[in-house]
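Colleague: Spelled out, the chains give:
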Amino acid sequence: AQKVTQAQTEISVVEKEDVTLDCVYETRDTTYYLFWYKQPPSGELVFLIRRNSFDEQNEISGRYSWNFQKSTSSFNFTITASQVVDSAVYFCALSEAERASYDKVIFGPGTSLSVIP
Amino acid sequence: DGGITQSPKYLFRKEGQNVTLSCEQNLNHDAMYWYRQDPGQGLRLIYYSQIVNDFQKGDIAEGYSVSREKKESFPLTVTSAQKNPTAFYLCASSIDQETQYFGPGTRLLVL
Chain Y
1 AQKVTQAQTE ISVVEKEDVT LDCVYETRDT TYYLFWYKQP PSGELVFLIR
51 RNSFDEQNEI SGRYSWNFQK STSSFNFTIT ASQVVDSAVY FCALSEAERA
101 SYDKVIFGPG TSLSVIP
Chain R
1 DGGITQSPKY LFRKEGQNVT LSCEQNLNHD AMYWYRQDPG QGLRLIYYSQ
51 IVNDFQKGDI AEGYSVSREK KESFPLTVTS AQKNPTAFYL CASSIDQETQ
101 YFGPGTRLLV L
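So the sequence lines, in the order shown, correspond to chains Y and R.
My numbering puts the first residue of the first sequence at 1, with every later residue one more than the last.
My numbering puts the first residue of the second sequence at 1, with every later residue one more than the last.
Hints listed in this document are in silico derivations from the structure and should not be mistaken for laboratory results.
The beta-carbon is built from N, C-alpha and C at its ideal position, and this holds for glycine as well.
Misleading hints may appear alongside valid ones.
[To be verified] To list a few chain R residues with every Cβ distance to chain Y over 12 Å, as calculated: (1) F12; (2) R13; (3) Q17; (4) N18; (5) V19; (6) S22; (7) V52; (8) E62; (9) S65; (10) K70; (11) S73; (12) S80; (13) K83; (14) N84; (15) P85; (16) T86.
[Said to hold, decoys possible] To spell it out: a stretch of chain Y is covered by chain R in this simulated footprint if at least three of its residues, at any positions, have a beta carbon under 8 Å from a beta carbon of chain R; those stretches are: (17) 32-46; (18) 74-85.
[To be verified] In the DSSO-like style, the derived pairs of lysine-lysine whose C-alpha atoms are separated by at most 30 Å in a straight line are: (19) K104(Y) to K70(R); (20) K9(R) to K38(Y); (21) K83(R) to K104(Y); (22) K104(Y) to K3(Y); (23) K71(R) to K70(Y); (24) K14(R) to K70(R); (25) K57(R) to K38(Y); (26) K14(R) to K3(Y); (27) K71(R) to K9(R); (28) K3(Y) to K38(Y); (29) K9(R) to K104(Y); (30) K3(Y) to K70(R); (31) K57(R) to K3(Y).
Just chain R, with the same shape it has in the complex:
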């Protein structure tokens, strides 16, 4: 089945720790995105990538980093510089700048 997978479903971070969220797609989409969703809020764009080895900052990139070494994969690292990382993280992909398709999300909690 074609789709987007995110892992883990739940992730716990200790103070000062970097953690990496996985996002994989087998839709052959060129563009991939990371969004953050806080309780009762809409989606805010963290990073996006249009092609392999290229990515751009979104509206709230501080404290996050990404890589795009393969078309299928767009991992997000939440660094220790992100002081308020507790949120729901959604990965998406699109074949162009139009319809984005989303993964199931990862809930990040701080211990």
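Chain Y on its own, in the form it takes in the complex:
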């Protein structure tokens, strides 16, 4: 069965600190997609990144970076030099492509990040 775990329920950091949000997933499929979404206080989920299971290259986008490691089934998200605007709930999600099923994007429980000025 597929599962997404985000063990950190809440994190608080002081502005300009780096912070890493953990995501561990479980799947039996060899082809799958991993996602990160940001949910600011306004409520809308904002898509940040999608990774497929065959691409283990780490990705950097500005202050954001993602570390995908199949060996540990992890897809961690790091924010460098955090800012107050980064305060949000962040969701990690998994979709098993081999299932060809639209109903199987599984979201983790989310990590609430507070960046304190």
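Start from chain Y and add chain R according to the hints.
Modeller: Below, chain R alone, put in the same frame as chain Y:
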């Protein structure tokens, strides 16, 4: 601008009343979804639709109904059978089964 719109932003329901949440997208996406989010919780799938005139139940469909008469629109009705409807409702769409893009959400409150 392309995107997903949801209305209203806030909705109040009286006991025994059916209410309908609107979701419209102009992204030309085939698939659309409805999720429910409770405070401090993740997302749970209510219904999804892959094509017009077809939809499937998600994990928590009881007390909800949907229709998909047009590609752009996927309204959700919260019926009186849903005994605990207070939640944040998110609509999403995708061009395939991969990346889902979300609307701004509707907060439903019971009077």
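Colleague: Run every hint past the structure and note whether it holds.
Modeller: For each hint, the structure was consulted:
1. F12: holds, 17 Å
2. R13: holds, 18 Å
3. Q17: holds, 23 Å
4. N18: It holds; N18(R) is separated from chain Y by about 23 Å at its closest Cβ, greater than 12 Å.
5. V19: holds, 18 Å
6. S22: holds, 15 Å
7. V52: Per Cβ check, V52(R) is outside 12 Å of chain Y; nearest 14 Å; holds.
8. E62: Fine: 16 Å to the nearest Cβ keeps E62(R) off the interface.
9. S65: holds, 17 Å
10. K70: Fine: 18 Å to the nearest Cβ keeps K70(R) off the interface.
11. S73: Holds: least Cβ distance 17 Å, greater than 12 Å.
12. S80: Since the minimum Cβ distance to chain Y is about 25 Å, S80(R) lies beyond 12 Å and the statement holds.
13. K83: holds, 23 Å
14. N84: holds, 19 Å
15. P85: holds, 17 Å
16. T86: holds, 15 Å
17. 32-46: Holds, because 8 residues of the stretch 32-46 of chain Y bring their Cβ atoms closer than 8 Å to Cβ atoms of chain R.
18. 74-85: That given contact is violated, which follows from only 0 residues of the stretch 74-85 of chain Y lying within Cβ reach (below 8 Å) of chain R.
19. K104(Y) to K70(R): Within the cut-off at roughly 23 Å; holds.
20. K9(R) to K38(Y): holds, 19 Å
21. K83(R) to K104(Y): holds, 26 Å
22. K104(Y) to K3(Y): With Cα atoms ~10 Å apart, K104(Y) and K3(Y) stay inside 30 Å; holds.
23. K71(R) to K70(Y): violated, 37 Å
24. K14(R) to K70(R): Judged against 30 Å, a Cα distance of about 29 Å means the pair holds.
25. K57(R) to K38(Y): holds, 26 Å
26. K14(R) to K3(Y): The given pair, whose Cα atoms are some 36 Å apart, is violated under the 30 Å limit.
27. K71(R) to K9(R): Cα-Cα ~22 Å, so holds.
28. K3(Y) to K38(Y): It holds: about 19 Å lies between the C-alpha atoms, which stays within 30 Å.
29. K9(R) to K104(Y): The given pair, whose Cα atoms are some 27 Å apart, holds under the 30 Å limit.
30. K3(Y) to K70(R): violated, 33 Å
31. K57(R) to K3(Y): Since the Cα atoms of K57(R) and K3(Y) sit roughly 20 Å apart, the hinted pair holds (cutoff 30 Å).
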